[in-house]
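J.: Whenever a hint applies, use it, and build me the whole structure from the sequences.
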Amino acid sequence: MDIGLLTIIIFDGLNYAAVLFLIAVGLTFVYGVLRILNISHGAIYGLGAYMATWLTILLLNKGLPPYLSYFVLLTGAIIIGLITGPSIERLCLRRIYGSDIHIQLLLTFSILLILDDAMKLIWGVEPMFMSEPYFLLGQFSVGGIIYPRYTFLLIGVSASFGVFLVWLVRGTRFGKLVVSVIQDREISVAMGINVGLIYTAAFTMGALSAAIGGAFIAPTISVAPGFAAEVVVMSFAVVAIGGLGNLEGAALGSLIVGLARALAIHLVAELELAVIYLIMVLVLAFRPQGLFGAVEERRI
Amino acid sequence: MPKINLLPGLFLSILAVGTWLGAMVLPVNAAPPGAPAELKVAFVDFLSGPAAIFGTSGRYATEWLVDKWNKEGGIKGVPLKLVILDEAGTPAKNVTEFRRLVMEEKVNVVLGFTSSANALAIAPVAEELKTLTLIHVAGTNRLTEDHKLHYTFRTSNHQAADSVLLARYVLKLKPNLKSIAGANEDYAWGRDSWEAFMGAIKTLQPGVEVKAELWTKIQAGEYSAEISKLLAARADVVHSSFWGGGLVTFIKQALPRGLFKQSLVALSTGAQVDQFVGKDMPDGVVLCPRATGAYFLDPEPEKDPLQKEFVEGYHKKVGRYPDYVSYRGYQAIGGMKAAYEKAIAQTGRWPTTEEVIKAFKGLTWRVPGGDIHMRAEDHQAIHDGLVGITKMSKKYGFALMEKRERFPGEQIMPPVGMKTPDWVKTLKK
Amino acid sequence: MRPNLRVVSIVSALLILVPLAMPSWVVFILTKALFTFIAVLGVALLLRGGQLTFGHALFFATGTYTVGFSVKWFGFRDALLLVPMGALTGLIMAALVGLIMARYRGVFFAMLNLAFSMILYAILLKFYWVTGGTDGISVGTATFLGFPLRAGTYPFYYLTLVIAGLITYVVYRFLASPLGYFLRAIADNEIRIEYSGESVRRVIYLTYILAGGLGGVSGVLAAFTVGHVVPEDAFWFQSGQFVFIALLGGFEGILGSLMGAVAFEFIQTYSSKYFPYAWQLTLGGIMLFIILFRPGGLWAIYESLVSRFSSKAEGSTHG
Chain A
1 MDIGLLTIII FDGLNYAAVL FLIAVGLTFV YGVLRILNIS HGAIYGLGAY
51 MATWLTILLL NKGLPPYLSY FVLLTGAIII GLITGPSIER LCLRRIYGSD
101 IHIQLLLTFS ILLILDDAMK LIWGVEPMFM SEPYFLLGQF SVGGIIYPRY
151 TFLLIGVSAS FGVFLVWLVR GTRFGKLVVS VIQDREISVA MGINVGLIYT
201 AAFTMGALSA AIGGAFIAPT ISVAPGFAAE VVVMSFAVVA IGGLGNLEGA
251 ALGSLIVGLA RALAIHLVAE LELAVIYLIM VLVLAFRPQG LFGAVEERRI
Chain B
1 MPKINLLPGL FLSILAVGTW LGAMVLPVNA APPGAPAELK VAFVDFLSGP
51 AAIFGTSGRY ATEWLVDKWN KEGGIKGVPL KLVILDEAGT PAKNVTEFRR
101 LVMEEKVNVV LGFTSSANAL AIAPVAEELK TLTLIHVAGT NRLTEDHKLH
151 YTFRTSNHQA ADSVLLARYV LKLKPNLKSI AGANEDYAWG RDSWEAFMGA
201 IKTLQPGVEV KAELWTKIQA GEYSAEISKL LAARADVVHS SFWGGGLVTF
251 IKQALPRGLF KQSLVALSTG AQVDQFVGKD MPDGVVLCPR ATGAYFLDPE
301 PEKDPLQKEF VEGYHKKVGR YPDYVSYRGY QAIGGMKAAY EKAIAQTGRW
351 PTTEEVIKAF KGLTWRVPGG DIHMRAEDHQ AIHDGLVGIT KMSKKYGFAL
401 MEKRERFPGE QIMPPVGMKT PDWVKTLKK
Chain C
1 MRPNLRVVSI VSALLILVPL AMPSWVVFIL TKALFTFIAV LGVALLLRGG
51 QLTFGHALFF ATGTYTVGFS VKWFGFRDAL LLVPMGALTG LIMAALVGLI
101 MARYRGVFFA MLNLAFSMIL YAILLKFYWV TGGTDGISVG TATFLGFPLR
151 AGTYPFYYLT LVIAGLITYV VYRFLASPLG YFLRAIADNE IRIEYSGESV
201 RRVIYLTYIL AGGLGGVSGV LAAFTVGHVV PEDAFWFQSG QFVFIALLGG
251 FEGILGSLMG AVAFEFIQTY SSKYFPYAWQ LTLGGIMLFI ILFRPGGLWA
301 IYESLVSRFS SKAEGSTHG
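Chains as they are written, first to last, in our numbering: chain A, 1 to 300; chain B, 1 to 429; chain C, 1 to 319.
It is worth saying that the hints were derived from the structure and are not from the lab.
Built from N, CA and C at the ideal position, the CB exists for glycine as well.
Hints are all accurate, no fakes.
Over 12 Å on every C-beta distance to chain C, these chain A residues come out as not near it, computed from the model:
hint, residue
1, Pro66
2, Ile79
3, Arg149
4, Leu153
5, Ile155
6, Phe164
7, Val181
8, Ile182
9, Val189
10, Ala190
11, Gly196
12, Glu248
Computed list of lysine-lysine pairs in DSS-like fashion (alpha-carbon distance at most 25 Å, straight line):
hint, chain 1, residue 1, chain 2, residue 2
13, C, Lys273, B, Lys130
14, B, Lys217, B, Lys93
15, C, Lys72, B, Lys148
16, B, Lys403, B, Lys429
17, C, Lys72, B, Lys93
Derived list of chain A stretches under chain B, where covered just means 3 residues or more per stretch with a C-beta under 8 Å from a C-beta of chain B:
hint, region
18, 119-130
19, 213-223
T.: Now the structure itself:
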């Protein structure tokens, strides 16, 4: 394989990994704190994309300077995160902590179904296009292949959100509270920690990750019903590969999946999708706690 | 007081009222014997998801025509009733919905199906359920070449026409063509389109090298790695049969990365999206409205009354100009109406499905832009096809298809009984 | 678990007689409900053992593509042979995958199942020249000993009903066997089972194989009913729907799965007809209600009604 092709594969892989990480890091964070695999995560990703697109088109038509559109994207994502996060956690999830896993998964699956149609009812079923933020930054060349600078922005947003989350968990008082809740819920309650609030905050952080992912991918795609279905299940693969509930694991998982997919597209296109789930099976079969995950005790 | 004779007055009044009542009750177009209260026609196309920008064009055209005809008395006095259905979903879902249309809604005719995968899945079921089914857009040549169809007709050219048109036009622009690459969707339509385009190029210009063949999921919406691969391939010509929202996204993702500067890009459905891509569309892209014989500027509306009426009426209803999907919607329901009218004329009463089918074979009907001819042998229509190249228009705010060339149907469609992959090998410069 | 003969005969009578008064479209939906019921039974079995699978579509698609390839390669579409073939391919697939699967529990079991089904999906989707990719494979009309068997007709419906009846009996026998009792005990306490000398892995493995076989049979019938097979048969959304139906009906009784499947097919068909862009919302809303307020599903609602009724009538509680 020549150096040129290798550079292209690495760049394509990074681009892809950036998006996957943004979605997966929230999924894994929520699992880490709440012990719930949130299937509706994908719908929040979709909502983020819709809201950001709709808001940006609206404001651009009102004469907003195009350079401000990046803030509009972020604002749209934050609005969605702050609406969906607390409401899903308080209204639905709160009632099923400690229930069987099938109840938890099915509840979030039902929320996915509901939000999926809510998007259609709010924004219609025809696709929306909004590419100004994507075009605006210009392009650069790697190994003779032109990439849009927007790729950098995506990687940047993704990496900063990851760093932010790690800082939040490791470097702040909030993080210490989160860790203590994860370690022992009862003791935390006894110590006077408002566990409910921690759960709401953690779930909202997860929702924000999905919404930001959706908002920043939106300018590069056509936003239309059903566009999230495959990304979501891929982010499941990322989380499983990295280790459920592990932030660094999500980073490693997205890099592996992104690079594997880029490698497959350039070399054996038929395996583009299968390779992701093959890796997932291999990791789960030989290291079920994921590459980064710690071994859990068997509960009796 | 003189006695007034009331009888003549009464007689005259009854006559007048009777005539008036009679005129009210009997329609101008007396319906033929055995006519139903209405003809129930299902229209199926993509109405949600990325492909909705495509399907709605067919829907609006069909609705516009049905409204117009119903005001004029429908088909010989029988009004048409449309049942609109969304095609988005898998072929399996569409097969089930087709069964529902026939078994539950009891529609008389089903029109539509844009996806070749869906058309290939529907045809056997249409035959099983004995329902007249007109495929208006789906392009795979295999529909009419590999299946013995009785109840199913395709009312427009199949993809061989687009592929051959594009190949001939591209070779005219680039006589020294050395290499090609293709990005197509990984299903019947994309696979067959690329095979025919590549085959035609290889026949017309021996020695052309194929640098890359890419297959994406239908309406994927994310093409960054594929575009990298196309850029790395550095082919003279890039062919793509992407369509609908997927094509819009592909153009928007490829544009800032210089694909349109590096290669001559040929898009077999390109003329359909230029109103959606708007001012971003680069000049010099080869476009084909899927080898349809009409474009909203060709024939000029002032010279063709049908075209004028349709373009103006459609623009008033929809707010955009008819694209090839609209024209193909016109072709389908126009063919259906013509076949029913011919069958009524032949039988002198309301025809059975079998009689409509008999009338449809060999039928020629008029649409904006020319005649459509339905071949009796394989139920495949043939008609003229257009091809051109983009040029931004300040007046319209989107790129127009300029330097248009018109090819007659016989030159771009394989003859009856010959399969497309074999036929493209026989092409001559 | 004792079969309530009265309930069994009432349900059987309804399933045999009601379609005779129905138009072909309703017969078609009932046929769909029956094959869905068969796949959901497998999911419900695993749920009884406390195991949630988010990849049961793996076996369903194994069944649909058993028919698909049989038609594509051999032009063979006789239900008499293909239904057992589907059971066999489902069983074999489950026997292979189950070797790994039986070691896992909880979220890992769910995820690993998801991964395996998505591998099959990816292969069906991407190997166009073998599988037909997105196009899927058109199956055409099934035959039975050479006679055509059209979807939506009585012969097809009653064949499906007979198969569903046989399978219900097999599952009932399984649940009534010691293995079935161990299975339910797993959900409560795995360690105790190991103390009793039975291997938990063996119980889960055998249940998994049975569930896989049911998925295969369901897939074969689905292929013939719909007339077309597609990669989405293996997609995670299909798996999600099976779990959805299992919980909609409630997995404590076999009848629950049947009620869930019938309710699901009718709700889906008619809500997608009248609200094409809100049918998922309808289903999701119903599910949300059930989870939050009636976690036992339709079965529990039915049981509480019965017990209220019978306690009034006989003054005894329903066991």
